[in-house]
Amino acid sequence: MKITTSRSQMPTEVLKDASMVKQKEMMAKHYDRLANAEANGDKVASTFVPGNLNELIMCFDLVNNLPEVNAIQSGLRRQSGAYVMEAEKAGHSEDVCTYVKSDIGMMAKGNIGPNGKKLPSPDVLLLSYTGCFTFMKWFELLREQYECETIFLQTPYMADGKVTENMIQYMVKQLKEDVIPKLEKVSGVKFDIDRLREHLAKSAKAEDDLVYILQSAKNKPSPIDAYFGGIYYIGPIFGAFRGTDDAIDYYRFLREEVDQRIAAGLGPVTPDGPMSEEKYRLIVEGPPNYTNFRQFWKMFYEEGAVVVASSYTKVGGTYDFGFRHDPSRPLETLAEYCLGVYTNRSLPMRVEMLTNYMNEYQADGLLINSIKSCNSFSAGQLLIMREVEKRTGKPAAFIETDLVDPRYFSAANVKNRLESYFQMVEQKRSGASKGVAA
Amino acid sequence: MKTFVGIDLGSTTTKAVLLDENEQVLGRGITNSRSNYDTACRVANQEAAIDARFSLFRREFGIEEGGDAKVEEFLAALERAFRLEQFLEQLGDLEETCVEQVTGARFEKLGNGVKKALAEVFTRLRAEAPAMFAPDAVRKSDFFRDIAGSRYLAVAEEVARDAGIPYDLLLNVYDKSIIAVENRPPSGRLSDKFKAALGRVASEGVGVASELQGRVDRALDIGLEETYLVGTGYGRVTLPFSKEHIRSEILCHGLGAHMMYPKTRTVLDIGGQDTKGIQVDPRGIVENFQMNDRCAAGCGRYLGYIADEMNMGLHELGPLAMKSAKPARINSTCTVFAGAELRDRLALGEAREDILAGLHRAIILRAMSILSRSGGVEDEFTFTGGVAKNEAAVRELKKLVNENYGEVTINIDPDSIYTGALGGAEFARRAAEGRIEGVET
Numbered sequence: 001m002k003i004t005t006s007r008s009q010m011p012t013e014v015l016k017d018a019s020m021v022k023q024k025e026m027m028a029k030h031y032d033r034l035a036n037a038e039a040n041g042d043k044v045a046s047t048f049v050p051g052n053l054n055e056l057i058m059c060f061d062l063v064n065n066l067p068e069v070n071a072i073q074s075g076l077r078r079q080s081g082a083y084v085m086e087a088e089k090a091g092h093s094e095d096v097c098t099y100v101k102s103d104i105g106m107m108a109k110g111n112i113g114p115n116g117k118k119l120p121s122p123d124v125l126l127l128s129y130t131g132c133f134t135f136m137k138w139f140e141l142l143r144e145q146y147e148c149e150t151i152f153l154q155t156p157y158m159a160d161g162k163v164t165e166n167m168i169q170y171m172v173k174q175l176k177e178d179v180i181p182k183l184e185k186v187s188g189v190k191f192d193i194d195r196l197r198e199h200l201a202k203s204a205k206a207e208d209d210l211v212y213i214l215q216s217a218k219n220k221p222s223p224i225d226a227y228f229g230g231i232y233y234i235g236p237i238f239g240a241f242r243g244t245d246d247a248i249d250y251y252r253f254l255r256e257e258v259d260q261r262i263a264a265g266l267g268p269v270t271p272d273g274p275m276s277e278e279k280y281r282l283i284v285e286g287p288p289n290y291t292n293f294r295q296f297w298k299m300f301y302e303e304g305a306v307v308v309a310s311s312y313t314k315v316g317g318t319y320d321f322g323f324r325h326d327p328s329r330p331l332e333t334l335a336e337y338c339l340g341v342y343t344n345r346s347l348p349m350r351v352e353m354l355t356n357y358m359n360e361y362q363a364d365g366l367l368i369n370s371i372k373s374c375n376s377f378s379a380g381q382l383l384i385m386r387e388v389e390k391r392t393g394k395p396a397a398f399i400e401t402d403l404v405d406p407r408y409f410s411a412a413n414v415k416n417r418l419e420s421y422f423q424m425v426e427q428k429r430s431g432a433s434k435g436v437a438a
Numbered sequence: 439m440k441t442f443v444g445i446d447l448g449s450t451t452t453k454a455v456l457l458d459e460n461e462q463v464l465g466r467g468i469t470n471s472r473s474n475y476d477t478a479c480r481v482a483n484q485e486a487a488i489d490a491r492f493s494l495f496r497r498e499f500g501i502e503e504g505g506d507a508k509v510e511e512f513l514a515a516l517e518r519a520f521r522l523e524q525f526l527e528q529l530g531d532l533e534e535t536c537v538e539q540v541t542g543a544r545f546e547k548l549g550n551g552v553k554k555a556l557a558e559v560f561t562r563l564r565a566e567a568p569a570m571f572a573p574d575a576v577r578k579s580d581f582f583r584d585i586a587g588s589r590y591l592a593v594a595e596e597v598a599r600d601a602g603i604p605y606d607l608l609l610n611v612y613d614k615s616i617i618a619v620e621n622r623p624p625s626g627r628l629s630d631k632f633k634a635a636l637g638r639v640a641s642e643g644v645g646v647a648s649e650l651q652g653r654v655d656r657a658l659d660i661g662l663e664e665t666y667l668v669g670t671g672y673g674r675v676t677l678p679f680s681k682e683h684i685r686s687e688i689l690c691h692g693l694g695a696h697m698m699y700p701k702t703r704t705v706l707d708i709g710g711q712d713t714k715g716i717q718v719d720p721r722g723i724v725e726n727f728q729m730n731d732r733c734a735a736g737c738g739r740y741l742g743y744i745a746d747e748m749n750m751g752l753h754e755l756g757p758l759a760m761k762s763a764k765p766a767r768i769n770s771t772c773t774v775f776a777g778a779e780l781r782d783r784l785a786l787g788e789a790r791e792d793i794l795a796g797l798h799r800a801i802i803l804r805a806m807s808i809l810s811r812s813g814g815v816e817d818e819f820t821f822t823g824g825v826a827k828n829e830a831a832v833r834e835l836k837k838l839v840n841e842n843y844g845e846v847t848i849n850i851d852p853d854s855i856y857t858g859a860l861g862g863a864e865f866a867r868r869a870a871e872g873r874i875e876g877v878e879t
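Sequence lines, in order, name chains A and B. Position 387 (the first sequence) corresponds to 387 in our numbering; numbering is contiguous. Add 438 to the 1-based position in the second sequence for our numbering, that's all there is to it.
No wet-lab data here; the hints were simulated from the structure. The C-beta atom is built at its ideal place from N, Cα and C for all residues, glycine as well. Possibly wrong hints are sitting among the right ones.
Simulated DEER-style distance windows between Cβ atoms [said to hold, decoys possible]:
1. B:R767 / A:E332: 55 to 61 Å
2. A:P274 / B:K827: 46 to 52 Å
3. B:P573 / A:A412: 41 to 47 Å
4. A:K218 / B:L752: 50 to 56 Å
5. A:N359 / B:N842: 31 to 37 Å
6. A:E332 / B:N840: 57 to 63 Å
7. B:Q462 / A:P274: 43 to 49 Å
8. B:E845 / A:K218: 47 to 53 Å
9. B:R781 / A:N375: 30 to 36 Å
Okay, derived cross-link-like pairs now, BS3-like style, lysine-lysine, Cα gap no bigger than 25 Å in a straight line [stated by the list, open to error]:
10. A:K415 / B:K681
11. A:K298 / B:K681
12. B:K837 / B:K761
Selected chain A positions facing chain B (Cβ under 10 Å, derived; list incomplete) [claimed, not checked]:
13. M385
14. R386
15. E400
16. T401
17. A412
18. R417
19. E419
20. F422
21. M424
22. Q427
Sequences and hints are given; from them, build the entire structure.
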């Protein structure tokens with residue numbers, strides 16, 4: 001299916017899967033809902049992707065607004081550069097997370113969303129996760145601006161690699177005594193646990209299909225790109241659609257599309273059409289760059305590199321490890337969900353996860369995209385790289401970009417490193433197949 | 439004979455290496471990249487072909503470099519004569535091009551005067567040329583633009599004054615012409631120029647010329663077939679070659695360093711705009727690498743800016759820094775702030791050599807950080823790139839490597855600037871044999 005874009009920087013025709021078109025429509029619908037919130041008398045909760053309690057938010061008829069996703073949209077639409085500069089003008093240092101600066105800058109410039117309409121002011125800020133401490137500072141800034149209710153659900157960091165009953169009860173207590181009463185107060189809606197169970201049951205259904213889709217990359221060739229394509233796939237479930245019928249429909253639809261590609265032995269669909277030969281299977285750690293997203297993706301697919309698994313598509317939940325939202329334990333399941341997100345996992349857990357991906361997805365190597373302005377992801381990445389290299393014997397490489405600050409994307413530099421890496425993988429592979437590997 | 443070419447297109451210079459079938463270097467060539475990669479490739483390639491002829495002469499004479507003093511004297515004379523021939527040819531091209539510029543309203547009145555002046559300028563330039571290529575002459579650069587440019591400007595000023603025409607008219611035609619001339623590699627046949635050079639050497643009476651002539655002729659008759667070419671370097675995407683002729687510069691540097699020093703396990707390359715730390719296995723295959731991100735802080739360009747700022751030549755920085763006993767502590771290697779940092783320090787009364795020594799140390803500190811991220815320094819350690827020629831940088835590197843990694847053999851080849859091109863040429867040789875890239879079988 002061909003879609004004509006209106007963006008002047010791009011070629012006129014961009015190829016998209018039918019599922020991508022559907023996804024875009026869903027996102028557009030949600031942004032309209034946000035834009036019309038005030039007119040419709042809807043109240044708005046702002047929250048973050050890791051630890052996003054969408055099912056709970058919906059129980060109070062609140063509309064879910066995700067500042068990270070707004071920053072991503074600004075990045076994709078090439079607005080974020082100006083927003084970042086605006087925030088810097090306001091005194092935010094060059095080293096601050098560029099999601100934060102994009103958001104702050106966007107507010108300063110009228111808070112216009114990706115659909116060209118003004119985003120609503122939140123009625124409540126719900127911080128449900130602390131693995132990234134920047135989130136806390138971010139909401140502190142927003143609270144200054146909006147002077148609204150702030151809820152802070154503290155999620156213990158999984159430092160010892162496991163979730164204990166104590167951790168869960170600690171969170172359930174907060175939910176009962178603090179989070180839910182405050183949400184009732186802000187929204188004026190009484191909490192109904194059966195309503196929550198209903199949403200949770202719907203979440204689990206979509207989650208099953210999401211996992212099926214992400215794991216379809218174990219096929220050779222992989223029918224999906226689990227990083228660049230994966231970002232489209234996680235949009236609805238990491239955002240405002242988890243626990244809705246829309247999400248169930250979308251993931252069912254996507255699953256069928258993927259099944260068709262598997263049956264036909266086809267690779268992923270890229271903006272330039274179906275990918276031809278699958279030459280390199282990669283695991284990627286770290287978020288992507290959004291300001292040059294297509295250019296960045298192209299550097300992979302034009303060399304025949306497909307990403308078969310990524311950690312980034314687990315920041316909003318690690319469903320492939322078996323977790324599902326469980327309607328029979330509604331509050332406990334919300335706690336477990338927050339605890340399990342990728343960014344709440346300790347360094348050894350991340351190493352193990354990536355090592356397992358390398359083996360399970362029969363990958364040729366690990367690539368780390370280190371984000372200049374993200375301390376939360378970057379800390380320990382070199383150690384992760386060395387350790388995964390050691391455990392798998394497969395080559396790893398390191399590239400550096402940023403989330404939404406276009407100044408930190410150097411196409412020639414990234415391309416240089418990627419091509420070197422692909423040729424290095426090729427050399428190693430041909431060496432190994434000849435039985436002369438060191 | 440079959441030859442294999444590797445071309446390394448750098449941000450500052452373009453290098454070419456010619457290998458023979460036995461993996462021996464036949465020739466090396468270098469030129470400035472001049473923002474015209476196409477020409478830079480052709481010129482570097484041609485320079486390597488010229489150098490290759492001298493290797494063939496030596497082989498014909500059955501000597502290694504530095505063997506027979508008489509023959510070496512002859513070959514040196516031949517090379518100077520050849521360079522002179524080539525210089526004269528390009529000078530002729532420059533004159534023709536300059537004369538073509540003397541047209542239009544601007545020259546309506548003075549056209550003839552300018553043409554006469556140009557003829558005089560070039561006559562003088564041609565007359566002084568042999569002295570520039572005399573045995574003891576020191577040339578600041580081997581690039582035509584640099585040699586011809588500085589002399590043209592000086593001679594034209596005199597001529598303009600004597601003829602009573604505005605100097606800026608002569609400058610103007612030169613400015614319009616030099617880029618075009620620079621972008622045209624010397625066009626004459628190499629063997630003709632060699633013959634002319636031989637004649638010149640004979641007429642100068644270098645004793646052995648006539649007896650060696652026959653052998654030179656034989657070496658000149660050997661055809662050099664460009665069997666396979668591999669391009670690499672930062673500009674490689676724009677190289678005028680197809681994809682299968684392009685290899686990553688990181689892989690080329692790894693392999694090139696391995697060829698120069700087979701025990702190499704770690705390579706540091708500091709070029710114009712990159713610093714790369716590369717780990718290679720015993721076969722020269724890259725295992726890991728790290729390089730600077732888009733910021734070129736602490737790379738060769740940084741020294742370039744510092745040299746400009748101090749009004750010095752790039753090659754003068756190292757020797758001055760070596761005089762320092764008390765290097766300044768400098769933490770910023772930001773190229774953009776280099777000038778400001780320098781002026782700050784000078785304003786504070788710090789000595790030039792101390793500041794320079796501090797700057798060199800800062801560059802190497804940054805390289806050490808890239809090295810450690812790539813996996814550290816393992817024995818043996820090979821340092822390549824333009825900055826490897828700088829003695830002050832080398833001194834700091836040796837010190838810091840020793841402090842951090844203990845006793846490590848550090849290799850620096852005088853031809854290290856050709857490392858990437860050498861690796862490329864070997865990739866070309868392997869590709870021509872139909873071997874999978876980079877793997878010894």
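B:R781 paired with A:N375, Cβ distance criterion 30 to 36 Å: For B:R781 and A:N375 the Cβ distance comes to about 34 Å; the hint holds.
Evaluation of the interface hint that places A:E419 against chain B, nearest CB under 10 Å: Holds, because the Cβ-Cβ distance from A:E419 to chain B comes to roughly 5 Å (cut-off 10 Å).
Assessment of proposed distance window 31 to 37 Å (beta carbons of A:N359, B:N842): Because 35 Å falls inside the window, the suggested range holds.
25 Å Cα cutoff - pair A:K298, B:K681: Satisfied, since the Cα-Cα distance of roughly 16 Å is no more than 25 Å.
Evaluation of the interface hint that places A:M424 against chain B, nearest CB under 10 Å: holds (5 Å)
Cβ distance range 57 to 63 Å for A:E332 and B:N840, holds or violated: The hint (57 to 63 Å, Cβ to Cβ) holds, given that A:E332 and B:N840 are roughly 58 Å apart.
Satisfaction of the A:T401 interface hint, Cβ to chain B closer than 10 Å: holds (9 Å)
Residue hint A:E400, partner chain B, criterion CB-CB below 10 Å: holds (4 Å)
Status of the given 47 to 53 Å range, CB of A:K218 versus CB of B:E845: holds (48 Å)
Hint consistency between A:K415 and B:K681 [alpha-carbon to alpha-carbon, up to 25 Å]: It holds: about 14 Å lies between the C-alpha atoms, which stays within 25 Å.
Given hint A:Q427 near chain B, where the shortest CB pair must fall under 10 Å: holds (4 Å)
Pairwise beta carbon distance, B:P573 to A:A412, judged against the given window 41 to 47 Å: holds (44 Å)
In the structure shown, no violation is registered for any of the earlier numbered hints.
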